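Work out the full structure: start from the sequences and follow the hints.
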Amino acid sequence: MKLFISADMEGTAGVCSWAQVDPANVSEYPVYRRYMIRELAAAIEGARAAEACDVTIRDSHWNQTNVLWDELPADVRAITGAPSPWSMNDGIDASFGGAFFTGYHGAIGAENATLAHTYSPDSIYSVSVNGVRCSEAILNAAMLGYHGVPLLLVTGDRTIVEETTRMMPWVTGAIVEESIGYYAVNSLAPAAARALIRDRAQTAIAGAKDARPFTFEPPFELVIETAHTGNADFIELLPGFERLSGRTLRYACDDYALAFRAFLTSMRLGGAANAPA
Amino acid sequence: MKLYISGDMEGVAGVSSRQQVDARTPHPEYAIYRRYYTQEIAAAVEGARGAGATEVLVNDSHGPMRNLVFEELPEDVRVIFGNRKPYSMVQDVDATFVGAFFVGYHGAIGDENAVLCHTYTPSVIYEVRINGIVCSEATINAGLLGHFGVPLLMVSGDRTTVEGVQAQMPWVRGVIVKESIGSFATNSVSPQTARLFIREGAAAAFERASQAKPYRFEAPITLDVHLAKTEQADYIAVAPGFQRTGSRGIRFVAQDFPTVFKAFVAAFRLGAMA
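Protein sequence lines, in the order shown, are assigned to chains U and D.
Heads up: the first sequence begins at 323 in this note's numbering, then just goes up one per residue.
Heads up: the second sequence begins at 1341 in this note's numbering, then just goes up one per residue.
Hints in this document: simulated from the structure, not taken from any laboratory.
Quantities reported herein were computed from a predicted structural model and do not represent experimental measurements.
A couple of the hints might just be wrong.
[To be verified] Going by beta-carbon spacing under 7 Å, a handful of chain D positions derived as facing chain U:
#1 1424
#2 1489
#3 1579
#4 1586
#5 1609
#6 1610
[Unchecked claim] To be clear about the criterion: a stretch of chain U counts as covered by chain D if any three or more of its residues have a C-beta under 8 Å from a C-beta of chain D, and this derived list gives those stretches:
#7 524 to 533
#8 584 to 598
C-beta atoms are modelled at their ideal positions from N, C-alpha and C, and glycine is treated no differently.
Below, the structure written as structure tokens:
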């Protein structure tokens, strides 16, 4: 089958601080970048133990150029670089049999969720679709669902894994760390995390036929709370957005892809308001 | 008889370099020219008052939009400060105004012999067209005035700007304070003379307000923006409602001008993030 993998970093075993995941950091980031990519490689290995998989990776962290090719099988493709039209979801189409999310983290505002954020903590305080508070996993799973592709596996801390599997019971989880608040974790060793991910990935692919695409029901109502009113001032300029309060905006449409684009644009435009006036 | 004034700085007499108008990087030149700018606005207010204007609203429309020096302004004007306004250079215009003045305006980006020419954000905007017409800031801003039925009465600035506006709106009184020699040089009257010209022009323009017409774009209104860089178009094309018309081209269509105006502001702010 064709397998899509969106690879993030905050949910990699041992990660508990921005220093470990910030590409500008020259001591911690290079170490954890390798752990991130090795977890990704373990997921591919596990998937292939269950079935031959044609793998496309979407590098989904920060500037989206974290892949280390020497840690990956030679026959995978990787989508790297930012910004792009669909961000963490570039490359998804109906030809994929399923998807993995590796190294994922909690939604902004989630309790006990290390480095929790939803795309951009600088502009997004919370985002919901049809009344459901969304993590990146939910927003992205719905983009998969838009193309008819089911999420099969999520790896990360307990908070994101349990939230995702509660919402999508067919998803296999691999919990590599327990978050203690925002900046601390109780984690497996990287080697143990890789073994767990390999095993859970195999299970996920073996059970793929029971998985379902995740979708919200149209019409879609996107509600965004911004970090401060200045972000909302900018987002309100966009066609189709309605200001509900100082820091709340609403966008309604019948096409989830459009709702996702509206979200991505509001996150970017909202971020523009953080520069000095 | 309410008058609206949008004040910009590049078209003030004597201005020929960025340092003179750069409010963000402190430079002694800016301190001098912000005073000349304020004095030109004051001259426009004085002229209009002599011709019957009662209430005057001045929108500081340059850079961070907090350049006016209060001690140089009459006490009985209201001022709009700050650069994060949904309608930017034409914030708070409504149908109660008899007309508007654009003081210190400059040419559209790409104009020949137009000192410091740009259209809102030169790092993002390469060209703006609305319904196929190449727009300067004056054109875009006059379009919003026109939506509320408010005519542009007077424009001051260099010859290129003034003649460009008059080619689109022949009823507008022009006050030419300088001739541009390329993008970074001018042959200018003195600030004192510029104030005299502006005072006279303002009085004449306000007296003839009834003969001026609101400038309106026919619906559907099509905004075409050419971006400086492809990555800016990448960002803007993701925004709902925008179409990509080329590697560096985006389009937005709406039935009403305020929606188009806000989309334009969103587009250049978003483009600046790329």
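Verification of the supplied hints:
no. : hint       : result
1   : 1424       : holds (6 Å)
2   : 1489       : violated (23 Å)
3   : 1579       : holds (4 Å)
4   : 1586       : violated (16 Å)
5   : 1609       : holds (5 Å)
6   : 1610       : holds (5 Å)
7   : 524 to 533 : violated (count 0)
8   : 584 to 598 : holds (count 8)
Comparing the model with each earlier hint shows violations of hints 2, 4 and 7; every other hint is respected.
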